[in-house]
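Student: Protein sequences, first through last, are from chains A and B. According to the numbering used here, the residues represented by the first sequence are 1 to 743, in order. According to the numbering used here, the residues represented by the second sequence are 1 to 463, in order.
None of these hints come from the bench; they were simulated from the model. For each residue, glycine too, the CB sits at the ideal point set by N, CA and C. You may find that some hints are simply not true.
[Said to hold, decoys possible] The calculated lysine-lysine pairs, modelled on DSBU-like cross-linking and capped at a C-alpha distance of 30 Å, are:
| hint | chain 1 | residue 1 | chain 2 | residue 2 |
| --- | --- | --- | --- | --- |
| 1 | A | 530 | A | 549 |
| 2 | B | 326 | A | 108 |
| 3 | A | 674 | B | 345 |
| 4 | B | 58 | B | 326 |
| 5 | B | 346 | B | 326 |
| 6 | B | 330 | B | 220 |
| 7 | B | 345 | B | 311 |
| 8 | A | 727 | A | 271 |
| 9 | A | 674 | B | 381 |
| 10 | A | 674 | B | 269 |
| 11 | B | 326 | B | 312 |
| 12 | B | 381 | A | 108 |
| 13 | B | 381 | B | 330 |
| 14 | A | 687 | A | 523 |
| 15 | A | 50 | B | 220 |
| 16 | B | 58 | B | 186 |
| 17 | B | 227 | B | 154 |
| 18 | A | 549 | A | 523 |
[Said to hold, decoys possible] Derived DEER-like restraints, expressed as beta-carbon distance ranges:
| hint | chain 1 | residue 1 | chain 2 | residue 2 | range |
| --- | --- | --- | --- | --- | --- |
| 19 | B | 454 | A | 397 | 52 to 60 Å |
| 20 | A | 536 | B | 58 | 50 to 58 Å |
| 21 | A | 42 | B | 130 | 38 to 46 Å |
| 22 | B | 154 | A | 565 | 40 to 48 Å |
| 23 | A | 124 | B | 398 | 42 to 50 Å |
| 24 | B | 129 | A | 402 | 31 to 39 Å |
| 25 | B | 12 | A | 23 | 22 to 30 Å |
| 26 | A | 476 | B | 130 | 56 to 64 Å |
| 27 | A | 684 | B | 58 | 52 to 60 Å |
| 28 | A | 358 | B | 128 | 38 to 46 Å |
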Amino acid sequence: MRSIDAPNHVTGQSLYLDDLPISERTLHAAVVDSPVARGKLTSVDLKAAKGAPGVIAILTAGDIPGQNQIGGIIADEPLFAESEVHFCGQPIAIVLAETEAEARHAVKLVELDIKPEQPVIDPREARARGELIIAPRTFALGDTSSAFDTCKYIFEGRADTGGQEHLYIETQGAYAVPMENGHLRISSSTQGPTAVQRTAAKVLGIPMHLIEVDVTRLGGGFGGKEDQATPWAVMAALAAQHLKRPVKLVLHRMDDMRMTGKRHPYSSDFKIGIDEDFRIVAFEAEYYQNAGAAADLSPAVLERTLFHATNSYYIPNFKGTAYCCRTNLPPNTAFRGFGGPQGMFVIEAAIAKAAIELGVPASKIQEANLLRDNDEFPFGQISRQTNGRRTWKLAEQRYDTAQLELEVESYNGENAASKKGFARMPICFGISFTKTQMNHARALVHIYQDGSVGVSTGAVEMGQGVNTKMVAVAAETLSIHPDRIKLETTNTTRVANTSPSAASATADLNGKALEKACLALKKRLHNEFKGIEIVNEIAYRNGRKTKLKWEEIIDTAFINRVCLSETAHYSTPAINFDPREEKGHPFAYHVFGTALISVTVDCIRGTYEFDYVKLVHDFGNSFCEQIDIGQIEGGLVQGLGWMTMEEVVYDELGQLRSNALSTYKIPDIYSAPKIVEIEPLGREGSKLAIKKSKAVGEPPLMYGLGGFFAIQNAIRAFNPNYDAKFKAPMTPERVLLSLYENR
Amino acid sequence: MNELILNDRIIQTDLSPGITLLDFVRYEQHLKGTKIGCREGDCGACTVLLGSLDTNGKVRYRSVTSCISPLGNAFGKHVVTIDGLTMPQLTPVQQALVDEGGSQCGFCTPGFAVSLTGYCLSCTRANHDTAVASVDGNICRCTGYKSIERSIDKIVEQIPEINHVENLVRDGFIPEYFTDIPEKLKDLKNVKTGKHTSSTVVGGGTDLYVQIPDDLAGAKVNLVSRKAVRPGIEINGKTCRLAANTTATEMLESEEFNRIFPELNQHLKLVSSTPIRNMGTLAGNLVNASPIGDLTIFFLALNATVILSGKKKKSLPLREFYLGYKTLAKAPGDLVEAVEFRIPKKHTHFNFEKVCKRTHLDIASVNSAMLIKVDENRIKKIHLSAGGIGPTPSYLEQTSKALRNQSLTAETIKNGAEILAQEISPISDVRGSEEYKRLLLRQLYFAHFLKLFPDHFTLTDLI
């Protein structure tokens, strides 16, 4: 099934936050933020700004009737700074004016007095100063210290990955409209409508039922609107509550980039022990996560780093310790992969380092250690339906890896001024929120008396195609044509207490709930008509077609006072995790895959182009193939962007230097690999996946890690003196400096 | 009162010509199909088409990023937004994007659809590569572009061989009202550009609307690129003269210019993106005085002359135009009128190099150009320029001088590299460290020779 939203997208008729019709007397908000990364906020002088044309009010922490607190996991983040600032871009106040231009103008007139202090930017420094947001977490399996004694080879090193700006093309925004009896209706571009509702209630000091959050769609999220859509919606709601007028707040791009958190940069140390058969006997790593100034989702991201520290490999002796380091950057947050890619980079770096030292291709070590069924992950889960090795083998056969490697070798023999690099990248990604309690969802289905159907779930459409998947689930389960089904907005009054659309699990959780609701309705209709079965909108009795059609069935059921609405709840069975022991079975299932990547590096200029990415992916039974392929291609290119050109740069004062699209570059059409080939593994998916079609949102991003190692291999082909360093992104700058290092 | 055509309607407006076309379309005209992504011309979500009458009475459509385009530059023109392309049936462009999954979150999609429709209207011979190039200013964060490429292939197949408006209407690419646009444009009220001596001079707006958009919205703006200068590119014997408001696109489309610079397409493809090349002017690039202005570096190596018009006309070599960081050798009232350069003759070669984080639609870490005349293996003439290695766009006087009259050997080039290293003073910034910029310029300097004299040298000879 194709995207149900695309026809509206291509004609410009889809409604995003900034496109919603606004009510009379709407005010526009702009945010006053800290220009200093760390310091004491001694005064906020609003006089000049309040007198500026069009300004109606300026709200600060003192105007908050409830709690000045937006922290999700830990209550450590104020909505507006009070006496201290902790990062550049930290909100201090909002200006409300008749027009957006007036609000933005007045922001410049607010005078802040901040006594600056030396900020901490580096996570290792933060740890040295004891600035940890939570106690360190350690996952362990076997006994590394005794295992290292038995290893033939031991290698140590350091691996660093940079941040990544989400760069959803639609910036953050919200629109709050006061209704009667203190009720506020908030439209928000959020992945987490319930988070907005819960936090707004807390800040405004009112119960959750007075706040309705509605989400039509997002112009991209990628994790950046999971928790960090909340403050803007809360600010708009606060102003609407105060001023009894509708308030719209949409961030300008540079404000968005400056004020919001990004993918966490990590700096890690590793030690890997290998035997003569290239088996990884022991692996130890310490991960320093740059969490930024507040917890946000960092503790959960940190945990997922540990869950994916061994990627697709079985490592019998493992110890990984992760530090959630508080620095003076905007609080870093969820981003596709959620800490997993950062952990996987470290093990891949360790393998690459070992391979270089041993003079073998990294694939030799990778292959020797791929997981098998019944292997134990460091967190206690036993691997089942372990498809990693299968994808590896199929990639070898389908794409003739030996030939591909030969082509690279002969190209490099013939060309002095450009070199090719080849890498393989196996992935393994666990599906479920690692916090077990979040793995639930609900759906509400109305069959209207004319036979049309309205579906509400907790899923937020942000380009991942979940709307289409929900329609497909409802259509197939009810056995009616998809055109009869309308997917409603995501709204907290229709579906309450939702988990955010995140963790690749949205379609699974909401789809399963929806399937249950549709099955219940179908069963009710079958009972009402004594043993009929509806197939493609026609009733069958004892396997024989009748004249009874869907519309007539519904009409009759309605007249007979049958309930045509159903809500259903789903929670993932059999998952658990005990953080005291750091053991359990946190994932419903894993998604696997193997990518082959080739790059050509221009050794004069240090630039590069990806020749191809050929991969085998563990889809399960994809029921919206085009959407799933789109997720793979999009995730892959986003991952390659993170590994190559996307460089988040803060200076020593904590100011974001890569603060606009002119200084922060994401892939354009010429940056995508020339060829992307995707082969499905062709094995049935887990029964915990919706219609056995495995989750596909995050895993493909990690294929992009292979891009780093492919470039590194090309550099090595040019410069034998290159001292391999594992520092991503591999920008053209790093490439050129590496090509000419020690020469 | 000024007039323009917005999709199928003639609009009269007395709004400030300094507001952006984007704000006009979205907030004044309430056409919400055109999206706001970055407000600096870097994402293309706000792409619209601007159609203007050419000398043959035909309308020529070009894509522009409406976020950094002053409304005034659209007066007297036909503005086409996604809303104006939408009919009861999807167009082949829209249908292909739907069929191939070229739209995910959809926020960038109207921009892609508009750019591609612009391509259908303006391409001379449709093919994959030029069609892809038409979306070089459109960024998508969701798809990874492969599905967009597949959509493009489908579109290219369907573009009628003779792609004039009537055929495109017939094939459903554009609505029928397009056929009446030439007549309507002729009838639009002739807008006076006026002389605002005290107002801000704005050309294409591609840099000023990134730097000071709020200031320009209400300000009086002197929209100099509206003044039609024909021909924009003129050959007078041994000299080529470019009018100040010549765009990079006009250079790309000029037969004469392509004759002078056979590799022009490769060079200018590295300069911003299609919509920005459609808007930004040569003079804008020069007076912006960015140390990494691509066209500035290009013309420095041509040893070009700047002609200024002010109280009295004067001209000076471009290399003397830059006194210091963003400081120009011109009086405040002086306007660049034209740029002239001597057309390179036989045995003369030209090359332009640019490296940035992203090859396309990015600002250079370092760029460089070289004009060289070699006769009997001797360097008779050489002009070398570079950006990103000092406070101004630099003409590399000493290196050029040292190479002049030397024999063209690897030794000469390597010696030149030593002088080059002395001559520059790059600083570390977001576009690269000092160490990198030094190395990169050396490499680009080598690249000039490797590209122009592939039979003489290999990379290994030079490093």
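Student: Hints first: check each against the structure and report whether it holds.
Tutor: Status of the hints after comparison with the structure:
1. 530/A to 549/A: Roughly 15 Å separates the two Cα atoms, so the pair holds.
2. 326/B to 108/A: 25 Å, holds
3. 674/A to 345/B: Cα-Cα ~38 Å, so violated.
4. 58/B to 326/B: Since the Cα atoms of residue 58/B and residue 326/B sit roughly 40 Å apart, the hinted pair is violated (cutoff 30 Å).
5. 346/B to 326/B: Violated, at about 36 Å.
6. 330/B to 220/B: 22 Å, holds
7. 345/B to 311/B: 35 Å, violated
8. 727/A to 271/A: 16 Å, holds
9. 674/A to 381/B: Roughly 40 Å separates the two Cα atoms, so the pair is violated.
10. 674/A to 269/B: Answer holds: residue 674/A to residue 269/B is near 18 Å, not above 30 Å.
11. 326/B to 312/B: 23 Å, holds
12. 381/B to 108/A: Since the Cα atoms of residue 381/B and residue 108/A sit roughly 53 Å apart, the hinted pair is violated (cutoff 30 Å).
13. 381/B to 330/B: 29 Å, holds
14. 687/A to 523/A: 22 Å, holds
15. 50/A to 220/B: The given pair, whose Cα atoms are some 27 Å apart, holds under the 30 Å limit.
16. 58/B to 186/B: Cα-Cα ~10 Å, so holds.
17. 227/B to 154/B: Not satisfied, since the Cα-Cα distance of roughly 39 Å exceeds 30 Å.
18. 549/A to 523/A: Given that 30 Å is the threshold and the Cα spacing comes to 16 Å, the pair holds.
19. 454/B to 397/A: 52 to 60 Å: The hinted range 52 to 60 Å is violated for residue 454/B and residue 397/A, with Cβ atoms some 40 Å apart.
20. 536/A to 58/B: 50 to 58 Å: 53 Å, holds
21. 42/A to 130/B: 38 to 46 Å: Violated: the Cβ-Cβ distance is about 59 Å, outside 38 to 46 Å.
22. 154/B to 565/A: 40 to 48 Å: For residue 154/B and residue 565/A the Cβ distance comes to about 42 Å; the hint holds.
23. 124/A to 398/B: 42 to 50 Å: Holds: the Cβ-Cβ distance is about 44 Å, inside 42 to 50 Å.
24. 129/B to 402/A: 31 to 39 Å: Between residue 129/B and residue 402/A, where Cβ atoms are some 32 Å apart, the hint holds.
25. 12/B to 23/A: 22 to 30 Å: Holds - the Cβ-Cβ distance for residue 12/B and residue 23/A, about 28 Å, lies within 22 to 30 Å.
26. 476/A to 130/B: 56 to 64 Å: 42 Å, violated
27. 684/A to 58/B: 52 to 60 Å: The hint (52 to 60 Å, Cβ to Cβ) holds, given that residue 684/A and residue 58/B are roughly 59 Å apart.
28. 358/A to 128/B: 38 to 46 Å: 44 Å, holds
Violated hints, listed in ascending order, are 3, 4, 5, 7, 9, 12, 17, 19, 21 and 26; each of the other numbered hints is respected by the structure.
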